[in-house]
Every structure is written in structure tokens, then in C-alpha cells.
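J.: Protein chains in written order, with my numbering: chain A, 1 to 747; chain B, 1 to 747.
Worth flagging that the hints you see were computed from the coordinates, not collected in a lab.
Fair warning: this is a prediction, and the values are worked out from it, not measured in the lab.
You may find that some hints are simply not true.
Stated by the list, open to error - Simulated pairs of lysine-lysine, DSS-like, Cα-Cα distance not exceeding 25 Å:
#: 1; chain 1: B; residue 1: 344; chain 2: A; residue 2: 508
#: 2; chain 1: B; residue 1: 49; chain 2: A; residue 2: 548
#: 3; chain 1: A; residue 1: 389; chain 2: B; residue 2: 548
#: 4; chain 1: A; residue 1: 23; chain 2: A; residue 2: 49
#: 5; chain 1: B; residue 1: 592; chain 2: A; residue 2: 518
#: 6; chain 1: B; residue 1: 49; chain 2: B; residue 2: 125
#: 7; chain 1: B; residue 1: 518; chain 2: A; residue 2: 389
#: 8; chain 1: A; residue 1: 208; chain 2: A; residue 2: 171
#: 9; chain 1: B; residue 1: 105; chain 2: B; residue 2: 50
Unchecked claim - A few chain B positions that, by computed beta-carbon distances, are all more than 10 Å from chain A:
#: 10; residue: 397
#: 11; residue: 445
#: 12; residue: 562
Cβ atoms here follow ideal geometry from the backbone N, Cα and C, with glycine treated the same way.
These are the residues of each chain, in order.
2 protein chains.
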Amino acid sequence: MIQLGPHLTAEGTTLIKTHYTPKQAINDGSLFLMGNGYLGMRGTFMEAKKDAYAGIIVSDTWDNADGKWEELSTVMNGLFADIMWNDASVFTRPWQDFKRTLDLKTGIATREVTLDLDGTQLTVKEEKFASMADRHTLPMKITLTASRAIDLTLIQGIDADVWSLNGTHLKDVSFSEIPGGLAAEATLSNADTHVVVGMKAPLHTIVKKAHAIHSHRAVSLTPDTPVTFEQIMVVTSTNDHPNASQFVQDTLHACPSFDALKEASIQAWETIWRPFNITIEGAKDDHVALMVNTYHALIATPRHKPLPIGARGFSAQSYQGAAFWDQEIYNMPMYLYAEPEVAKNLLLYRYQTLSGAKEKAKKHGFEGAFYAWISGKTGEELCPDFFFKDVLSGRPIRNHFNLWQIHISFDVGFAVLRYVEQHQDHEFMRDYGLEMLSEISRFLASRVAYIPHRERYEIIRVQGPDEYHENVDNNAFTNYQAHYVLKETLRALEQHRDVEGAFLPTAKERTLWEDIAKRLYLPPVNADGLIEQFDGYFDLESIVPAEKVTERLQDPEEYYGYPNGITVFTQCLKQADTIQLFSIHPELFDEKVQKANYAYYEPRTLHFSSLSPTTHALVAARLGLLDEAYKHMKKALFIDLLNTNEAISGGTFIGGMHTANNGASWAVVAEGFAGVAYDHGLVMNPHLPEAWESLTLPLFLDGALRTFKITHTTITRTDDTPGRVTIQINQQTHHLEAQTSVPYTRS
Amino acid sequence: MIQLGPHLTAEGTTLIKTHYTPKQAINDGSLFLMGNGYLGMRGTFMEAKKDAYAGIIVSDTWDNADGKWEELSTVMNGLFADIMWNDASVFTRPWQDFKRTLDLKTGIATREVTLDLDGTQLTVKEEKFASMADRHTLPMKITLTASRAIDLTLIQGIDADVWSLNGTHLKDVSFSEIPGGLAAEATLSNADTHVVVGMKAPLHTIVKKAHAIHSHRAVSLTPDTPVTFEQIMVVTSTNDHPNASQFVQDTLHACPSFDALKEASIQAWETIWRPFNITIEGAKDDHVALMVNTYHALIATPRHKPLPIGARGFSAQSYQGAAFWDQEIYNMPMYLYAEPEVAKNLLLYRYQTLSGAKEKAKKHGFEGAFYAWISGKTGEELCPDFFFKDVLSGRPIRNHFNLWQIHISFDVGFAVLRYVEQHQDHEFMRDYGLEMLSEISRFLASRVAYIPHRERYEIIRVQGPDEYHENVDNNAFTNYQAHYVLKETLRALEQHRDVEGAFLPTAKERTLWEDIAKRLYLPPVNADGLIEQFDGYFDLESIVPAEKVTERLQDPEEYYGYPNGITVFTQCLKQADTIQLFSIHPELFDEKVQKANYAYYEPRTLHFSSLSPTTHALVAARLGLLDEAYKHMKKALFIDLLNTNEAISGGTFIGGMHTANNGASWAVVAEGFAGVAYDHGLVMNPHLPEAWESLTLPLFLDGALRTFKITHTTITRTDDTPGRVTIQINQQTHHLEAQTSVPYTRS
């Protein structure tokens, strides 16, 4: 048994919790989420409704119900079930011998609980999952066992009384009987989208309610004899199937048994896991915690069509089920290294939203592609102008994430370049990449200012990764990232001179782009070896450690940042910013510079974003700062397990799984501790934590999956794929056959 | 008798108030201020101390006592006097038959009050003034009359218990007897400046106290027989006289009687008034109100050496006794038209502070002259980074008046150009003007950004005259004003090619300046005939009338502006901005455009700056919008008489005389209603208010003072100076001999 947190353990690959209090329902519902990249079913129990935060969030169902927040909808719950005895739900009795599990390898969740019905012990077990083999299908099996003979009523049905974060999305919900089961249909509040849910179970007495349709079935239990009931839910929307009702009926009709569905899903899960099966020996808690994070990263990632990874996946509607820069910078690496097809799908999503990005640019007086800070289906900007509020006055605050955090465009460009470079997918570059890169460079060229006085281009009025400091100039992260993308775009255009398209730069544009690439200001390393985060940053008040600034809070829910929060006139960072630059561009600065900046910035960083720990862990691991690295990795791996982050900031609910952190945890282990990189081929400079005996890591290389086992002294190829793999270790090139080793010393 | 306000009347040129309550002491002390351009003695009474807001503010005594606000010091009060009866001040008795006066033509103030001393009626009269003939001298005469014989003690002395707004400036105050009187010396808190005050009066029993030195004199009054006592104060600082003590002693020693001093001062006042003697016939209240404003503008203006006009003159220490753009834009016109030597002196002050402006530019990474937003002696920036506070949270607010309100530099340049053009003072241009203009243009060139995308230079991140909107781009006022100055600088450089100096632009600079003059973005007149105040202004919430926005206040003392005040995301202006542009550059836009913009912007303007009404009155008068013009002129003329403005904003005391409004009131009458302008010669297109019969106005033209009497149909030269005056009326040129008339019709 591996202890992970209070009442939270693991055995093998199974997460176990033996303690339940309703107030943990929000967080446990997220942590025990079942999903498959198409939908997520919150880890609540069969009898749960809105007040227990029950919700099934389905991809591509964006809807704006409150006039402010567009978000994915929670749909009608077709796995609703309850057990009645003497006209009351048995779950209103005290829960005994409670145990819930989630098998990370198979995505199967169970709940077992025993209820005392005036002397009769009734044990209820539910087992359910979101099928990885058939993304629309959620099967459940209920097993009832009683210590004495007892008569009960089993309710199974579809319930529309689900948790919805910002307004009611489901309008005109209608319930009906269909062949073999029940159905519910609804139209989303302000869209044409129609969602349909079907439920398959043997029907008995049908009861229609305002928000539900139920089948009531009398059940007589005999002592100690388990009785089993199945219930299958199918869901889709007209965005996936124009004739959604028919699709649901057909799917339900063809649906095999729970066990057959389970077997198919287990097999699909095995395939999904294969490239991501990292084994950490010597620290079982790290191993399982990494699995938890990888599991959540995987179920948050749409594979069925180009759609974004939501910043909270399908665990909650917060962050609008939409992509941020998280997708390219935090979630992409695991796919770039282990399953490039998924990386490509995510980039196709960004290609698909190019028109939205172009419209956004135009709206603000720019050209090219200004990607949405919060990007849903179309790429139009979902980020409202006002979202936090000044809790002291109750007034809304204008934060400019949507207007000034322009690095999003360059981050997308960076991901395109990374993917093409690493997998030499020139077809992608020609079909999509060049166009995206050209429009991103065009945006940059329309966004820069040339300052005659300093004879250079500058990027004025931005917000860097450290979101507390808005309205800053020449943010080092933004400028370097923009410069990298522009320079590489020009190179790609040169390489693919035969490609034609209206998106290509005119001769005049090309001249300008080249001039910008030559004269864009890149904040230099100063005499102290430091890079200034933005112009004037070093003049701000220095508070070390940064946490001390929190003493200035007047209200715990205050927003810390722009325009007048407690950090604004200090050097306190929300999260990695210059360190973020090192994380993705280690090639630009030598180790000494990176170490000096790490030493300067880390104590000034509040780490009040879940994006901060992985970045620090990754950079520290690369630099051989193993204590720092391990500390931040631990924080990252356990963010959702210990659930230490605030669920509300500036009055806005931000709870749910930290999907970027989930994905980046993989990157910390691979790019950080294993020292994996790509530089015209695989690079590996491991810095294993002392606590680890070995790390086994699959990587997708030259079209196939290879596996490497890294100890403190050797790197061994443990896969059987024929052929040699070229790998650079400490600047030396090695050619590794399958099942061979090479010794290394830590750089 | 002319009624001006509650309990406030005028007879002839004398302001009279017959009602006194201590809580009006702040405002009445300002309104009844005595002064001479060197110092101001607040209109309080002889027995007044700190708690009655007594203060004598002396020029060139800047000191920072609280670590935040540098301000002029209030010095020891050498006109302190009190009358004791039975060991108590007679002024603690109820005041009867109170009457205070201020003669606007002579600057002489009186207070008369009768006190019942258990049946004996004692009438005390004090008469005092700040000598216009000798700026260091303040004479006072006290007359006591009793209805019955009574024995009193007259105290005369020097009192250091004076009002000081921000901290105690007077350190180590020492008191002493000197030949013929008393003296007090003090060192200012954080400067080397030493101030010395002397008092001349017959000495009797000397009493030294912690904060004062007094002479106690027994006085026996006989019934109905007035007895008179004189008291003369002299003050200077080591900034004026290195041996200040000696100077004070010498001056006191040579000092003639009260009556002789009075006669000399009256004569000096007559000379001062001569160029500003405007007569309005048909509206006596307007006439006197204009006199009140002109009086205060005159006593606020240093003439003895190049020093700034404080934004509150010497009436209070608020606004730091320092110059703002007010000086060039609001106070300068009356001098430009009526007494150019004073205008020149003010410009020499700006020349003297050029090094401060260059240092400020350098500090912020620019070149050339970035004039201080709040400019004291040296031109270093006196405006703190934080001055208002968020009254809801108590947190200081960072407002960027000192960093973003860059139009100050161009306003100075504009005044230089105006002065030289109007008085053809090419010597000034060669000796000072070219250098100032070059450094101002150099600043502009270092401050602009060239936006390749729009192929133009822009001025990014500024604060225009409407101070509630900070961090805006391409403020029309700023851009047009900057452009005008740059263009005219290039022309002046061309005209004076033989002038040499290190300040001249290099060839490279010259090319850049010419390019900026050609391609600086000037916000155009749009399809609706409107000029956008700044980029994106029209997208903000429109609230008409602007006052409605005040309903959103949570606290009456809230600051309305940046970063999160109630006006920030609305079109509500603090004060004239685009209209301000018309006020000083009517030549740039035709009447139709000006009218359309007036109609758009005026209802969106809160007029929460005393700078707003005169600008609106002036522009409206020029446009023939006489009701509008008259309404705003009335508001302007009575700001300090009715005292309707808030004394505190965002937690900061801003009370005192509105010196810019005082000066600009003259401009409203002359440039507005008389339609006076200078365009290669005198222009006059009058739009007299219906209520006025005539307006008589002196103007300094071709080296001499001329006077014009304007009625609704004719313009008459009423002076006797020989020679013709050329004048354009409705685009027709006339040559007016002395004592001749020309008819006109209103344009």
C-alpha cells in the first residue's frame, strides 16, 4: 500500500480512498474522474445530483448560458441510479466500510458502501467507466448484497439535475422511452447544439419527473446473495452526429454487455498507455503520482477530432473547456516525445482555429494570427474583458489576458516548429505549418514598434507568463519566443520556396520580417548575469521570500495582480517567467546564466499557478539542482492529490484538475530528470533524483516506440525493436542496439 | 453693492464679507489672500494660529518635511497680535458687527469686529497688506476703540505656530530681540535654506515661548478714542539673500511708517493693474468676479526672478507651490497679450529648469527635455509616484502623471513659440528658445514609436489633459501639440541657421525629426466629424450626461480615474481634452468640426478640474455658442468665490485658490468673448454676451499698451498712444488710430 495523501492510498495501479465527506465532493469528483478524451464523468456516485457536483462534461458542447462564460455543457446523467427502502434512499443512512477506487490503467472506478437498514446490512457496489473503446458509451454495473432478506426498489434513469458552473445550458429537456431504454434530449441555451442521452437497462415502472425519467424496479434480495444490474449510458451531440437521436438509439441497440464493453475498453486503454508507461523504481509514491497525472492528461486529450485540451480537462467547466498556451507548452511535450500523432492532432486544432485568430487580430487592428488566449472550438476569443473582481470594492477588474498576453501566438508557432523538427513531418509543414507560421509572423510584424531612439524593434505593453504584471514592455519570454518563431519561419519559408499560397509574405513584408528578426530587442544578460523579466522589473520592490508579500492581503480572496493587487509594484512573480524561457529554450543561455537567474527568480516566485512547479522542476533538474528539482516535482505531482490550490481567485471558480500540470509532470520526468531533448536527434543527459533507483521511459523515435531504462550510471535500451538508435549523452554520440547499455556520468 | 455669494458682496473694487465662521477659515484664508508674487499671507486675522490656518507662504522655500511632498514653507508669522483682557484673548468673546474687506486694486485687507467685554464694547480694526513696492514687507495697523475706559494688554510678536500642510518645515526656530524689534530664524527641515522673520513695533515686556516671542504692552483706552498701533513684518530666506538676518535687520531699520509703506504699495499696485484693467459694463458681478480672478493671478505670479506660478499660488501649500502645464496654457495668455515681460520671465524659468528636464528624460531612458509634471525650483520632478489612494482599500494608487502626461514638454515648447511669434523676440529665440525647442523635439523623437504596420509614428502610453484616462495611445491633444512644436522647431532652426550650440540636432537627428514631422499620426476627423480623444475612446461606455456616472461611487472621496475608478471604462472625461486642443489650436480645425466635437464631448465632461470651465467657455465663445460660453464663464469666475470644488480628492488635500482658472478667466474674456488672437498681427472677432453692454480691454501691441472698447456693434480704440494699430476683424484688415472706431458684425 502506498500512502499518497490523507485517506488516499494506492495498490498497484489502483487509487483507493476509504473516507468520504460530502464537502470533498468537488475535488474528489475531479480526482476520480473517468474519461476518454471525448467526455469526462465526474467521480461522483450513481445517486449524485447537482448538490453533489455530479456532471458529465462532453467535448464540443460550448455554450454561453450566463452571458459571460462560454463553457462546455454538463449533460443529462444517464447513469443515475438510486436504491429506495421505505420510500427513502438507502444512501441517506450512515455510510459504513466505504471504499472507492479508480484503476489508473483501465479507467474503471468503483464505489462500495454498506448501509444499515434497521439491522439488515446492505452492501452496494457500483463499477463504472467511460469506455476508451467507444467514446460515447459509459457502462455501469450495480451489485447489491444484503445480510438478510429485504425488499428494495431500484431506480435507474436519466437525470438532468446536474452541476453546471455558469448558468443552465440544458433547455427544453424532454424525456422519452425508446426501444430498450430511456432517452433525454435537450437544446443548449444559445446554440443550435442538441444533446441526446440514452440509457439502457431493463425497464419496469416508468416515472417521469420535471428533470428526470426513471424506471422503478422492485428488487427482493435473499441473504448474502449478490444481485447484479447493468446500466449503459450513451451520449452524443449534433456537433458529432447530425442525427444524434438515431445515433444514440443505434448505439444502445447494438450495445453488448457490461463485461464485453469493459474488456474492449481495457484493451483500448492498454494501447493508450503503451507510449506513456514510465516506471520509477525506488519511489513508489512518485511512480503512482506520476501515473495519476499521466492518466488525467490522457483522458483530457481529444483524439477523435481536432479539439483543444481544456485547462481543467473534462473534470470541471472552469477555464471553459478551452485551450490556453498550456496546450502547446505543457501538454504537448509528452505527445511530441511519445505519440506524435496526438501532437499533430492538437496542431491541426490550431490550424482549424486560424480564422478565429485572424479575426481577433483584425478586431484589434493587427494583421495575421493573434490566437485566442482562451480558445474553444472556433478560435474566437472566449476570455472576457472582465473576469476577476476587486473583492474589496466588489468592482470588476479589467485584466488584459485576452489582449496583452500575446505570447500565445508565438507559443503555437513554437509547437509547430518543434513538431516538424522532431518528426521531420515536412508534409505537415507544407500543408499547414507554413501558413500558421506566416500568419503568426505577420501578426508579430504588425504588433512590434520600432523605437528610433534605440534603433530596435520592441514589443510594448504585454503580459508575460507571470500574469500579475500586466502592461509591461519587452518581456524577455515573449521577445525571445517571438524572435525564435520569426527566425525559424523565415528559414522554413526559405526551405519550402516551392509552396504557394496567399498567406506567403509579400516581398515588402519579407523585408520587414527580416529586419525585425535582425533588430528585435532581446533583453540581454546584464553584469550580474541576470535577464530582466521586463523593462524596469529590477526597479520594483524586492521581497524575498515572495510569500512575505501575502502579509499585505486585506482579504484572502483578493486578486494579487493588475491593476492594484499586492504584487504589482513588487518583484513577486505569480509563476515562472524567465525560468519558463529556459524551460523551452535551454539552448539560448549557458548553464551559468540559467543558474544565476534561477537563484534570483525562484525565491521571488509565489508559484501561485499550477504551471509553476513543473517548469521549475524541469529547469532545476537539467541544471543538476536536484534538491530544488525534486522539491518542485513533488509539488507538481501532488497538486491534485493533496489539492492544496485555491478553488476561487478574485471571485472566480478555478477548481478542477490541473491538466497542464498533469501533462507537464511527464515532461519533468522525461525532459528534466532523464534529460531528454531533441537536437538533430535524441539527447539524454540524466540527473536522476537520489531516491530513484531507475527510470524506465518509452520514447517514440524514428517511427517506433523504444524504451530506455536509466539508472544512476547506465542507460539501457530495453525494447526489442530491431535497429540502432542514435543518442547523444554528454555531447558524445552513441548508437544503441536493442537490449544494450551505455554507461554515463552525470554532467 | 454687488452680491457675489452668501455673505459676500463688493463695493467698487472692494470685496466685503460680513459673516465669519471658523470652518470657513481654510477657504476665506485663500480668497482674502494678500500677496505680491514673492509671498502670500493667508487672509486670516492677527490672532490666528495653526488651528485657524494662518500661514505666510514664501517663494523659493521648497522643502520636503514628510518624505513625500516637497512644498513651499509657511514661515513664522511676524504679524501676530492679540489683545488680552482679564488674561483671555478678547477674540474668544462673541464677534459682533464683523466685517472684513479686501481691496482688489490695492491688495489692502481689513478686519473690523466688536467685542463685548462685560459691557464695554471694544472695536478692533486691523488693516494689512503684502507690500507690492517692497516684496519682503508686510505692514499692519491695529486700531482699538472702546465705548468705556478699559485696560488691556496688546501682544505683538512673531509666532511659529503656523499651518503647514505636509509636515513641519521649520526646524530649530530661535527667537531674539534685535534693534527696534524682534526676530525669528529657522532652518528648513531637509534643506540648507534658512528663513528669517523680523517684526518692528515698540517693544515692552518681552515674553519668550516655545513657538513664539511676544512683546506685552499695557494699553489704557479712554471712551470712544481710537488708538493706533503699527507692526511691520519683514521676511526673507537665504535663497534670496545669503545674509538673510542682516537683510531683515537693515530692512526693518530703514522701514518708514505704515502710511508711507501703504502709499508706495498702492502706487506699485496701480502699475501692476494697468495692463489688466478690463472693464465689463452691464454686468457688475462679472466685472468684479473677473477682478477677483485677475487679482489672484497677479499675486501668484513671481516677477522678481524666474520662478514658477504655483498651481494654488501662495494661497496654500497644496500642489507644492509648483508649476504644472497650467502655467503655460492657462496663466500665460494674459501676460502674452498684456505684459510680455512677465511671460518672458516665466519662460526663463523653464529655461532655467532645462537641466532638470534633461535629467528626468535620461532617468526614464529618453533624450532631450522631459519637463517635470510638477516643477519647483530646479525642474526635478516633484510629482510622487503614489499620491492618491484607493479610499475603499486604503492602498496607495500609482498614477502616472509624472511619467505619462508628456504633453507638458510640448506645452512649454508651444509657449516659447507663441511668445516669440507674438512679440517677435528673436533674441529670446536665439538665446534660449532654440535650445529649449531642440531639447523638447529631441525628447519627442526619443519618445515616439514607429509602427511599421501602419507606416506612421505613434505616441504610445500617455495621459492626456483628461487625467482619468491613463495609459492611452495617440491622445489627439498630445499628438497635435507635439506635432505643432516639432514642425515649428524645424522652421525656427531653419530661420536661425547661424546659431551655434551643442543642443542643435545632428544631421541624423534632423532627418529623423523631419520624418516624424511628416509621419506622426494625427487622429483624423472621422465620418461623424469627430476626433477620437485617444485610440479606442469611442468604444468605451457612453454616459450622457457624464454626471450620471457618479451614481456608481461607493465613497464620495473615491478617485475617479486610473486604474479602476468609475470613469475608466467610460467616455466620461475629467476635463476638456479634445476641446483643449481647439482652445489653443483653433487654426487646425474648421468651425463645423469644432462645433461637432463640442456637442459630443461637452456632455461627456465632468468638469471635475478647475481647468475645464475656462476652456469650454473660451472655445464656446469663439464658436458663437454664447449660452454655453456664458454658463462656463460664470462657473469659472465663481469657482473660488462660491468655493464649490472639493478640497480633498483620493485622500489628498487640493484646496486653495485655483490659480490657473484665475489667469484663464482673463483669457476667456479676451480670447473668448473679445475674440482676440494673434495671427501675424492682432485679430479680434468679438462675441459679447447679451448681458454685457461693453468690454474695455487693454492689450500690449507693438511695444505699447492700447485699449479697446468693444460693444455689440463697434470696436473703439480708447487709448491716446499715437500711431495706427492694424487689426483683423472678420478677416478684414483695419487700421485704427487712437480714439477711433470701427463697426463690426458678429461672425
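J.: Look at each hint and say if it fits the structure.
T.: For each hint, the structure was consulted:
Distance hint between residue 344 of chain B and residue 508 of chain A is unfulfilled; the C-alpha atoms sit about 50 Å from each other, more than 25 Å. Our distance criterion of 25 Å between C-alpha atoms is broken by residue 49 of chain B and residue 548 of chain A, whose separation comes to about 45 Å. Taking the CA atoms of residue 389 of chain A and residue 548 of chain B, the gap is near 22 Å; set against the 25 Å cutoff, the hint holds. Among the hinted pairs, residue 23 of chain A with residue 49 of chain A is consistent with the structure: their alpha-carbon atoms are about 14 Å apart, no more than 25 Å.
Distance check on the hinted pair: residue 592 of chain B and residue 518 of chain A sit about 48 Å apart at the alpha-carbon level, beyond 25 Å; violated. Straight-line distance between C-alpha atoms of residue 49 of chain B and residue 125 of chain B comes to about 18 Å, which keeps the hinted pair within the 25 Å bound. With a C-alpha separation of about 44 Å, the suggested pairing of residue 518 of chain B with residue 389 of chain A is violated against the 25 Å cut-off. With a C-alpha separation of about 17 Å, the suggested pairing of residue 208 of chain A with residue 171 of chain A holds against the 25 Å cut-off.
With a C-alpha separation of about 29 Å, the suggested pairing of residue 105 of chain B with residue 50 of chain B is violated against the 25 Å cut-off. In this structure residue 397 of chain B is not separated from chain A by more than 10 Å, as the shortest Cβ-Cβ distance comes to only about 6 Å. Look at residue 445 of chain B: its CB is around 7 Å from the nearest CB on chain A, not clear of 10 Å, so calling it non-interface is violated. Chain A draws residue 562 of chain B into its interface by the beta-carbon criterion, the shortest separation being 8 Å against a cut-off of 10 Å.
Consistency note: the structure conflicts with the earlier hints numbered 1, 2, 5, 7, 9, 10, 11 and 12.
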